[in-house]
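Sequences listed follow chains D and A, in order.
Residue numbering for the first sequence follows my numbering, starting at 202 and increasing by one per position.
Residue numbering for the second sequence follows my numbering, starting at 160 and increasing by one per position.
Hints in this document: simulated from the structure, not taken from any laboratory.
None of the values given here were measured: they were computed from a predicted structure.
Hints are not guaranteed to be accurate.
[To be verified] Calculated cross-link-like contacts (lysine-lysine; reagent style DSS-like; alpha-carbon spacing at most 25 Å): (1) D:K243 x A:K201; (2) A:K200 x D:K308; (3) D:K305 x D:K269.
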Amino acid sequence: KQEVTQIPAALSVPEGENLVLNCSFTDSAIYNLQWFRQDPGKGLTSLLLIQSSQREQTSGRLNASLDKSSGRSTLYIAASQPGDSATYLCAVSRGGSEKLVFGKGTKLTVNP
Amino acid sequence: GAVVSQHPSRVICKSGTSVKIECRSLDFQATTMFWYRQFPKKSLMLMATSNEGSKATYEQGVEKDKFLINHASLTLSTLTVTSAHPEDSSFYICSARDPLERTDTQYFGPGTRLTVL
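Put together the whole structure using the sequences plus the hints.
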């Protein structure tokens with residue numbers, strides 16, 4: 202049974218700092234891994250999707266890496282801003298109609 | 160990216176009543192939609208996979224007679240919580256895949272906050 206763990210559960214940083222969020226999964230037989238952002242009381246916004254054959258994806262100040270063999274992914278946020286404050290969720294899929302398995306998320310607070 | 164909508168965004172109902180939540184893919188046809196539930200400070204948990212034109216596939220522990228799913232068209236799936244009780248209060252989120260996208264991305268709706276009094 203796939204399990205996804207995110208560390209830390211919460212993180213508070215001053216504005217401008219670079220930070221890393223961690224995600225680990227127990228079953229390396231994944232098709233892809235996605236990072237999402239969730240604002241309080243809102244749905245999910247997909248940030249980055251990494252296929253199992255890829256090692257990283259970048260979008261603006263975000264960079265996600267994937268080490269499938271070790272069951273780990275990181276989300277790097279450069280020059281953090283107060284608007285980055287949200288909960289960041291990591292999820293893995295075996296593809297097709299297979300479900301996404303989510304971690305519990307990391308709640309990020311960026312202080313002005 | 161593709162857009163998925165949900166309606167209503169928030170609903171409050173009395174215990175024992177039924178509530179229907181709609182999930183729509185606005186600019187693509189989705190043969191598969193997913194329904195998730197999220198409790199405070201918990202992960203999103205998949206409840207069921209909704210397949211257009213066939214019965215939904217429910218996850219272990221989810222009562223199919225309580226959470227009725229209908230995927231009658233390629234752009235609409237509905238979740239009906241029957242005889243709702245306070246313990247059904249939660250945040251319900253749907254997602255959909257665009258079968259024409261090779262990346263297998265799931266697009267999520269904005270969620271529905273259900274409160275059962």
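> Does the structure break any of the earlier hints, and which numbers would those be?
Replying inline: Result: no hint breaks.
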